[in-house]
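Following the hints, put chain B in place on chain A, whose structure we already have.
Taken in order, these protein sequences are the chains called A and B. FYI, in the working numbering the residues of the first sequence are 1 to 355. FYI, in the working numbering the residues of the second sequence are 1 to 355.
Rather than coming from a laboratory, the hints here were simulated on the basis of the structure. A couple of the hints might just be wrong.
Claimed, not checked - List of simulated lysine to any residue pairs, SDA-like, C-alpha gap at most 25 Å:
#1 A:341 with B:317
#2 B:136 with B:285
#3 A:341 with B:235
#4 A:190 with A:239
Stated by the list, open to error - Derived DEER-like restraints, expressed as beta-carbon distance ranges:
#5 A:169 with B:298: 42 to 50 Å
#6 B:179 with A:349: 44 to 52 Å
#7 A:287 with B:263: 50 to 58 Å
#8 B:349 with A:175: 49 to 57 Å
#9 A:36 with B:301: 35 to 43 Å
#10 A:344 with B:179: 47 to 55 Å
#11 B:123 with A:344: 16 to 24 Å
To be verified - Interface residues of chain B toward chain A, partial, derived using beta-carbon atoms under 10 Å:
#12 1
#13 3
#14 18
#15 266
#16 294
#17 306
#18 313
#19 319
#20 324
#21 327
#22 329
#23 342
Just so you know, even glycine gets a beta-carbon here, dropped at the ideal spot from N, CA and C.
Number of protein chains: 2
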Amino acid sequence: MAIHAVIMAGGAGTRFWPASRAKTPKQLLPLGADPVEPLLAATVRRLAPLIPPANVTIATGASLVDATARVLPDVPRAQLLAEPVPRNTAPCIGWATATILRRDPEALIVVLPSDHYIPDEAGFLRVVGRALEGAKLGHLTTIGIVPTRPETGYGYIEVGGAFQGDLLRVERFVEKPSHERAEEFLREGKHLWNAGMFFFQGRVMMEAIEAHMPELGRGLYAIEAAAARGEEAKVLAEVFPTLPSVSIDHGVMEKASGLAVVKGDFGWNDVGSWAVVYDLSAKDSEKNVRPDRSLSLDSSGNMIVAKRSFVVTIGVHNLVIVETDDALLVCARDHSQAVGKAVQSLEAAGLDVLL
Amino acid sequence: MAIHAVIMAGGAGTRFWPASRAKTPKQLLPLGADPVEPLLAATVRRLAPLIPPANVTIATGASLVDATARVLPDVPRAQLLAEPVPRNTAPCIGWATATILRRDPEALIVVLPSDHYIPDEAGFLRVVGRALEGAKLGHLTTIGIVPTRPETGYGYIEVGGAFQGDLLRVERFVEKPSHERAEEFLREGKHLWNAGMFFFQGRVMMEAIEAHMPELGRGLYAIEAAAARGEEAKVLAEVFPTLPSVSIDHGVMEKASGLAVVKGDFGWNDVGSWAVVYDLSAKDSEKNVRPDRSLSLDSSGNMIVAKRSFVVTIGVHNLVIVETDDALLVCARDHSQAVGKAVQSLEAAGLDVLL
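In isolation and in its complexed conformation, chain A is listed as follows (with noise of 0.2 Å):
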């Protein structure tokens, strides 16, 4: 069975403003510790020994096709694809899944976020070759990442007793949970974080769908009958709208049986502000992360990203300062989880140019 990657990059990522923009969502920034590479770039070169770009798909959305293609110039172009809108996980896996399994009806496939980042790119592979045993098993499987804090902010993976040697049972999924819950899940250590990547035959997964998600199973088959026709672009902008806007862990995996989970202890991290950002960056001695067009006095623990101007900072400490040609952001790095809420009050106000 040959390996297929399908990198979901259809994000926003509003916490990244200024930076991330509707043209240059956070996948398309370099927001990992290079301060170069975009994150979908990176996902998609630490996948590379593993599996080549030839076989990787993206699925994106129709406005961000040139910039992702631009971003991932060894990705055949024909398997960017864009979504007619945002129908959440499921149908953004099920189309991609029908999409490989025309080229190769006994494709092995490895779904993946786009805008994640790894600093153990060997462990992380270690860890993708075992989750593809399960798959190869036939199971549903996943990874699930060993957590460090009682996060709040994830869904996290029940862990159950083992199919084979570090192949483990999913025993359920769990909401975001409470503080208090989380700090249980912590000291119990049978709650893993869940990524969102998953591991499976193509086969296995359109069965799944079928069988968990009727709906959008035949929306799937109308596209797949379309497609044999040569009408494909046609009939995905008619269809694709009435998928039913499901996440794959709500419509499928929480539904499936014989869910497989691995565990992930490659420091995972899924850079979900500013402030981690700052963490994952390499800083002056004063703690600070800014350019060499800047100026530092008395200042400490800041991350300055400017490309236009010249920046002095005298006297300030742990702040966010973040410049591009027609906005400033300006924040406390202990505030910079408030960014997107910032972004919705620039929506309300109609400043959609900012956006």
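This is chain B only, laid out in the frame that chain A set:
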């Protein structure tokens, strides 16, 4: 005796970087309560009821003449004096006085700085009127600002008895004091701030210069003789750089006798830092001074100046944020007196394009 004004407008004003630059120094910026009117334009307008622009002479630097003319359309271009090099206030006032005496040997002259802010304009004109009475009587006269705090950044004038009414004797000029002495001054009430405003008959000032700064007197005589031959420009370029670089305070006022002073109590402000501009400006409900094109979330006490960018602040307080086309300053408001130091660092680093 006709009344003439000399406005000293040669300042650099690095304290307002990045708004103030070599080509747009402090006096050309709108740093008073009016967010549009440059301080220099306000100085000339404020004086107009007493001295029309036709009688105003501006002493500035050669590189600033054009920018200065744009700000003062009503001042005759011939009355913009371009100093070949800055030589402090004694040569500046001496040359301007000699120039005015050519047109009006009986001239009564008011010398004012170009970059101060005065809220009570009617009160200011009343005090100027009284100081001119002193000048008519032949005194070298100054205005002493009634202190409102133990300021250590200004020189002081010790007041003696009265010549007549509120025209008082100057006992002596006092250097910038220690904090202790400044507090004594404030308690005793015998000391006033030296705001660099001078009132005199042109002839009297020339005699005082000849008596106390003979070298300057000779230089000015050479320039005058050349002017009579129509060779002023040539000789000015040769002679002016050789004049002693001394302030009128040290060179003349501290040595002359019969000096008079009038108390000024009209809310004078020398606009010494961004923090002062913040104090003078209109604020929103969270005490922010900010442009329409900004969004302020959980932020207070900030001063934002940005022509190009839309500015979003989140969770930040008491900052000065100033953005120009090529530079950005983010400074704690209570550190804004250090901005000049930052500019010196840029100069030392050879970043002249930013000066």
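Quick rundown of the hints versus the structure:
1. A:341 with B:317: holds, 19 Å
2. B:136 with B:285: violated, 50 Å
3. A:341 with B:235: The given pair, whose Cα atoms are some 66 Å apart, is violated under the 25 Å limit.
4. A:190 with A:239: violated, 41 Å
5. A:169 with B:298: 42 to 50 Å: Given range 42 to 50 Å: holds, Cβ gap about 46 Å.
6. B:179 with A:349: 44 to 52 Å: holds, 48 Å
7. A:287 with B:263: 50 to 58 Å: Since the Cβ atoms of residue 287 of chain A and residue 263 of chain B sit about 52 Å apart, the hinted range of 50 to 58 Å holds.
8. B:349 with A:175: 49 to 57 Å: holds, 54 Å
9. A:36 with B:301: 35 to 43 Å: holds, 37 Å
10. A:344 with B:179: 47 to 55 Å: holds, 50 Å
11. B:123 with A:344: 16 to 24 Å: violated, 50 Å
12. 1: violated, 49 Å
13. 3: violated, 43 Å
14. 18: The hint holds - residue 18 of chain B has a Cβ within 10 Å of chain A, the shortest such distance being about 8 Å.
15. 266: violated, 32 Å
16. 294: Cβ of residue 294 of chain B sits 9 Å from chain A, so the hint holds.
17. 306: The hint holds - residue 306 of chain B has a Cβ within 10 Å of chain A, the shortest such distance being about 6 Å.
18. 313: holds, 5 Å
19. 319: Where the cut-off is 10 Å and the nearest Cβ of chain A is about 7 Å from residue 319 of chain B, the hint holds.
20. 324: Holds: closest Cβ of chain A sits about 8 Å from residue 324 of chain B, inside 10 Å.
21. 327: OK, holds: residue 327 of chain B within 10 Å of chain A, min 5 Å.
22. 329: Holds. Min distance 5 Å.
23. 342: holds, 5 Å
Going through the hint list in order, the structure does not satisfy hints 2, 3, 4, 11, 12, 13, 15.
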